Amino acid sequence: MGLVTAFITAVPVQAHVLLSDTRGEVGAILHVSPDDDPIAGQSSILFFDIQKDISAVESNDIQLTITDSTGQKTTAPVTKQGSYISSAYTFPSQAAYEIHLSIPQQHTTLEFTAIQRVSRGISTDRVAHEAIWAKTALVMGICSIAVACILAFNHRKAF
Amino acid sequence: MTARQPSDSLGSKRSTSLLDNERFYILILSFSIAVIVPALLQLSIANSQLVLIRTEQLYGLLSLLFWYIALLVSPLSSIIGKQRMRIIIHSRRAIGVSAAFFAILHGSVALFGQLGGFAGIERLPELFQWSMLAGAIAAGVLIIMAVTSFDSVVRRMTPRRWKWLHRTGYIGGILVLIHIWTVGTHVSYTAIQLTAFVALVVLGVLEAYRIARASTQKDSDKLLFSILFLTITVSWSVLLLFIPAYIENYHTARHTSSQGVSHE
Numbered sequence: 207m208g209l210v211t212a213f214i215t216a217v218p219v220q221a222h223v224l225l226s227d228t229r230g231e232v233g234a235i236l237h238v239s240p241d242d243d244p245i246a247g248q249s250s251i252l253f254f255d256i257q258k259d260i261s262a263v264e265s266n267d268i269q270l271t272i273t274d275s276t277g278q279k280t281t282a283p284v285t286k287q288g289s290y291i292s293s294a295y296t297f298p299s300q301a302a303y304e305i306h307l308s309i310p311q312q313h314t315t316l317e318f319t320a321i322q323r324v325s326r327g328i329s330t331d332r333v334a335h336e337a338i339w340a341k342t343a344l345v346m347g348i349c350s351i352a353v354a355c356i357l358a359f360n361h362r363k364a365f
Numbered sequence: 083m084t085a086r087q088p089s090d091s092l093g094s095k096r097s098t099s100l101l102d103n104e105r106f107y108i109l110i111l112s113f114s115i116a117v118i119v120p121a122l123l124q125l126s127i128a129n130s131q132l133v134l135i136r137t138e139q140l141y142g143l144l145s146l147l148f149w150y151i152a153l154l155v156s157p158l159s160s161i162i163g164k165q166r167m168r169i170i171i172h173s174r175r176a177i178g179v180s181a182a183f184f185a186i187l188h189g190s191v192a193l194f195g196q197l198g199g200f201a202g203i204e205r206l207p208e209l210f211q212w213s214m215l216a217g218a219i220a221a222g223v224l225i226i227m228a229v230t231s232f233d234s235v236v237r238r239m240t241p242r243r244w245k246w247l248h249r250t251g252y253i254g255g256i257l258v259l260i261h262i263w264t265v266g267t268h269v270s271y272t273a274i275q276l277t278a279f280v281a282l283v284v285l286g287v288l289e290a291y292r293i294a295r296a297s298t299q300k301d302s303d304k305l306l307f308s309i310l311f312l313t314i315t316v317s318w319s320v321l322l323l324f325i326p327a328y329i330e331n332y333h334t335a336r337h338t339s340s341q342g343v344s345h346e
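Going down the list, the sequences are from chains A and B. Under our numbering, the first residue of the first sequence is numbered 207, with each subsequent residue one higher. Under our numbering, the first residue of the second sequence is numbered 83, with each subsequent residue one higher.
It cannot be assumed that every hint is accurate.
Derived Cβ-Cβ restraints for the label pairs, each shown as a range [claimed, not checked]: (1) B/K245 x A/V353: 32 to 38 Å; (2) B/T277 x A/I348: 23 to 29 Å; (3) A/I348 x B/L306: 30 to 36 Å; (4) B/F194 x A/S265: 50 to 56 Å; (5) B/S130 x A/P283: 48 to 54 Å; (6) A/T271 x B/L100: 43 to 49 Å; (7) B/T272 x A/T271: 32 to 38 Å.
These are computed hints drawn from the structure, not numbers from a lab. It should be emphasised that the depicted structure is a prediction, and the values quoted were computed from it without experimental measurement. Backbone N, C-alpha and C define an ideal beta-carbon position, used for all residues, glycine too.
Produce the entire structure from the sequences given, and follow the hints as far as they go.
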């Protein structure tokens with residue numbers, strides 16, 4: 207259990223989220239540091255690995271827009287290397303943000319959208335968890351382990 | 083009325099009651115953990131995408147831990163003695179089934195939760211696709227082993243063939259190693275790399291001992307035993323050390339090369 211806890215909490219993680227463009231033709235891998243769980247008030251880095259050749263596109267033509275829950279939009283500067291786009295951005299407070307990446311192509315524009323919830327750092331409103339199923343499952347899981355332990359102890363001589 | 087008492091592979095009589103069977107408790111424990119993990123994450127993380135990521139990662143880790151324990155049992159029992167490890171040897175099938183169970187959950191959460199179904203695979207980078215294929219084959223090996231883990235199947239297949247089939251678990255283990263190294267999210271950290279290296283070397287040393295001992299039955303073969311043992315151990319360790327040189331890791335290759343912007 208200690209190893210599992212350490213796995214969740216102690217180590218920064220580099221997991222990825224698969225995005226599809228609005229037409230569902232091109233994929234992109236999005237990674238947000240730190241830990242895919244950005245901290246409001248601290249700088250985060252957004253990484254996009256586009257699964258298409260975008261070498262002809264200039265960095266200046268790529269637009270990264272971040273919209274907060276009130277609809278306020280912010281444009282973040284991006285840098286490009288090959289098919290890899292990254293941007294440093296500081297989420298102002300805990301909320302759900304829409305991240306929109308726009309890459310102009312010769313005849314069309316690649317558009318990617320992702321929702322990023324920021325739940326650490328500066329807080330303006332904290333939403334309490336009301337997942338009844340999770341609480342029920344947790345209690346049932348712990349109870350079944352406890353019952354199994356008691357039964358196993360009582361039947362240990364048969365092992 | 084007395085219950086029929088079949089004997090296990092070690093010849094000891096066992097009760098047919100489910101509550102007297104340690105495998106039953108291991109399966110209950112695995113099922114309970116599988117329920118607790120997403121529930122605990124759901125209650126502690128607000129971001130639903132992150133809940134999926136962590137659930138998938140933890141199921142993968144649990145599958146790996148169960149598989150590692152299952153692989154460790156045979157070589158360890160050849161040193162410690164089968165009678166001393168009687169309970170763990172008998173539990174091994176349930177440990178293997180648990181590994182398969184968590185592998186299925188890991189794959190399902192990744193495929194249907196994170197990728198949005200099979201169509202998502204097409205949009206992944208090529209390295210991810212190859213890595214997922216290796217992971218899927220490894221999970222397939224685990225599932226085959228789980229399906230054939232019943233006594234009736236062992237009898238029908240004959241123990242010799244069954245053992246050969248279950249040795250494919252080692253091939254699956256190598257595929258898992260490739261899967262984790264290429265896209266695993268924690269392997270780019272030194273502490274994790276060291277832990278994994280030590281765990282794999284321990285397994286390699288135990289296997290080397292078992293193979294060397296099985297190949298040299300006579301006392302006069304001590305030199306041959308030492309040569310075999312050292313050769314296998316050193317080859318395995320060198321092979322592990324050179325993994326970074328011949329297999330690409332997605333994170334190291336992409337994130338650190340991005341115009342000097344790197345993350346922790």
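Hint by hint, here is what the structure shows:
Taking the beta carbon of each, B/K245 and A/V353 are about 35 Å apart, inside 32 to 38 Å as hinted. Distance hint check for B/T277 and A/I348: the Cβ-Cβ separation is about 28 Å, which falls inside the suggested range of 23 to 29 Å. Checking the proposed 30 to 36 Å range against A/I348 and B/L306 shows it is violated: the Cβ atoms sit about 53 Å from each other. The given range of 50 to 56 Å is broken by B/F194 and A/S265, whose C-beta atoms sit roughly 35 Å from each other.
Taking 48 to 54 Å as the suggested C-beta distance range, the pair B/S130 and A/P283 does not conform, at roughly 29 Å. Between A/T271 and B/L100, the C-beta spacing of about 59 Å breaks the proposed range 43 to 49 Å. The hinted range of 32 to 38 Å is satisfied by B/T272 and A/T271, whose Cβ atoms lie roughly 37 Å apart.
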